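One line per chain: the protein sequences are A and B, in this order.
According to the working numbering, the first sequence holds residues 1 to 324 in order.
According to the working numbering, the second sequence holds residues 1001 to 1415 in order.
Since the hints were made in silico from the structure, they are not lab data.
None of these values were measured; they are calculated from a predicted model.
It cannot be assumed that every hint is accurate.
Claimed, not checked - List of simulated lysine-lysine pairs, DSS-like, C-alpha gap at most 30 Å:
1. 150/A with 48/A
2. 1090/B with 1342/B
3. 150/A with 284/A
4. 242/A with 48/A
5. 1381/B with 1140/B
6. 266/A with 108/A
7. 1342/B with 150/A
8. 284/A with 243/A
9. 32/A with 1184/B
10. 128/A with 284/A
11. 32/A with 1415/B
12. 128/A with 1308/B
13. 1381/B with 32/A
14. 284/A with 324/A
15. 108/A with 188/A
16. 1308/B with 129/A
17. 1308/B with 1410/B
18. 1415/B with 1128/B
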Amino acid sequence: MRRQLALMAATLATWLLATPASAYMVYVSNEKDNTITIVDSTTMKVIKTVPVGQRPRGITISPDGNFIYLCASDDDTIQVIDTGTLQVVGTLPSGPDPELFTLSPDGKVLYVANENDNLVTVIDLATKKVVAEIPVGVEPEGMGVSPDGKTLVNTSETTSMAHFIDTQSHEIIANVLVDARPRYAEFKPDGSEVWVSSEIGGTVSVIDNATHEVTHRITFEIPGLRSEAIQPVGVNITADGKKAYVALGPANRVAVINTQTYQVEKYVLVGQRVWHLAFTPDQKTIISTNGISNDITFIDVASDEPIESVTVGTLPWGVVVSPK
Amino acid sequence: MKSMVPNSLWMFIVLFWTAVNVLPALAEEAQPQAQPAKPPQQMTEIRIGYLRAYEPQLALSLLDVPPTDIGIAGAKLGISDNDTTGSFLKQKFDLDIAEIKPDADAVAAFDELVAKGDRYVVADLSAKQLLSIADIARDKGVLLFNVGAPDDILREEDCRWNVFHVAPTRSMLADALAQYLIWKQWPRWVLVYGSHDNDHLFADALRRAATRFGGKLLAEKEFMDTGTARRTDTGVIQIQQQMPVFTQDLPDHDVLLVADESEVFGTYVPYRTWLPRVVAGTAGLTASSWHPASEQWGGSQLQTRFDKSAGRHMLSKDMDAWTAVRSIGEAATRTNSGDPGKISDYLHSDQFSIAAFKGQKLTFRAWNLQLRQPIFLGDDKIVVSTSPQPGFLHQVSELDTLGVDQPETKCVFKK
């Protein structure tokens, strides 16, 4: 037995050494089995599975890559995980049932959606203190912050609105009605538009950040699939602002949208119930979490072809990639 | 990916059409909220009435005694949710509650609600009571939202253009159950039913479901209500002997169906049958518009919110009342108006849909104003499945495999 272990350790060491230094680490939150899975972006192999708090969902990483922030929804807390040791090194006062959040571009402030209290909580990461609580619509969920850090957009699922919030005054400056159950808000890298997905409405609303008007409403049509099965959730836009990727939930596909024409150019078949997406920092790959099939899919951004699916934990929910 | 080419073209057409036709309307709709700098508009008040026939009820199990605020607690949460959304649109919602006895005349209580300014009334009434106020409501420009009567006839021969039905029909519930039993390949059924009118109606719905989905009803038997006390200290001993004897002469079967809405014997059937068989219907595996343990599709958020406001589990009638109040709120939000005419037009239009934690948007069937909805199948602890079941296909919406479909409807609206 001991010899076997030694052999395994040796194999692991060799394999680790063989891994190119440029590999990114992919962190996946597994909602059902209370773990995060760490996957090497180059080898596309699982490196480690780490136990965390209960019902981990929203996941993000500090700009320096040193800390992961994780919503442990059923523990009513946000856990801070050291990416070096993969140990939980602290918690943040999130308010009850945190689901999704977003970091300010400078990495100093965390904006959290508290579904049960109809609040957006603003947390200062240096002091770990709540700076402000902003009342929003029923069941706040999606959170997006503008690249200049001045505007925060929160979506409330039952109210069906995108709330535009001034990050200086913490006041709502506009409420924009979108289709039913808005789940996610993503700014274009130039800050001109916010893309909001509506899960039950089955659409993505493109909102002008200056006028706060819906300028485009993107619909989806997949042959052989009834429209109710198309439920947009995660939205990610490439750093050059040219393509948007939308996870379509039980449609099991990721839509690729041309941001100039607002047309869907392709539907990429991934796994079952695709929820969220993340790019690798080199923008060559986008990774989807497929909840029901318990895997993640690596998609090649140049060709928009799926490269490989990797089994992770049970009900993978969120995904984030290390910046280096 | 060659097949994508015509699809992209189609998408383009759709998007082009959307851009030309829908966007100006959307922009117009979003405008009032997008101009916060302007002086605040007047608060619009939208009053909703809640009329119910109620008296404390007994049940065979203490656990099944309905809470006194059943339905009302759901409506109150709906009002609170509407108000949160309304705070961004200068809309305020109020609930007026009126209560009558189960066999009482409903007209006077209804008139009082209308006098208070209620143009929408959530009705938790019997079919007879609902019909007695339906045409009065029409003449006064009031919309009714039925959450209490599962009778198919209210959506068929007795349908009304001003009555929306949020509660599912008996036929929807029976079809939901039947689809699951067929999916399980348990097609051989026997039926035992109670002796009251409602029990007979649910038995009818089960017979219809058997015909529609290929269940074989091998035998039927009526359980006569002889008026014995429902709960006694020693009753259990007798029941343990009664139920096997009552089911002894039924032919072999996969599932024993129970139709006992009146709560006379049904709850006693599981585990006491002559043959060891699955029980479904009003006991065992039951069909309903909500389940207090549903956590799917964001359901846990609603359950938490409801528990926080009502201090108990959310039941089907609470969900129906919440959905009714939210539907009115949704129409007020989307039209950005408190005008009953506009709200009514929107609710009657194909624009309307409501998200109600059932995994897809819910809409009203245009031919009889019944809310299309998935149906939960569960026991007293947990959701077992949700119908429609996979494989039961439909050319319009799979939800229309549940209940009376358009080609069969007997509803003719007199507008």
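Could you tell me which of the numbered hints above are not met by this structure, giving the numbers in increasing order?
1, 4, 5, 6, 7, 10, 11 and 17
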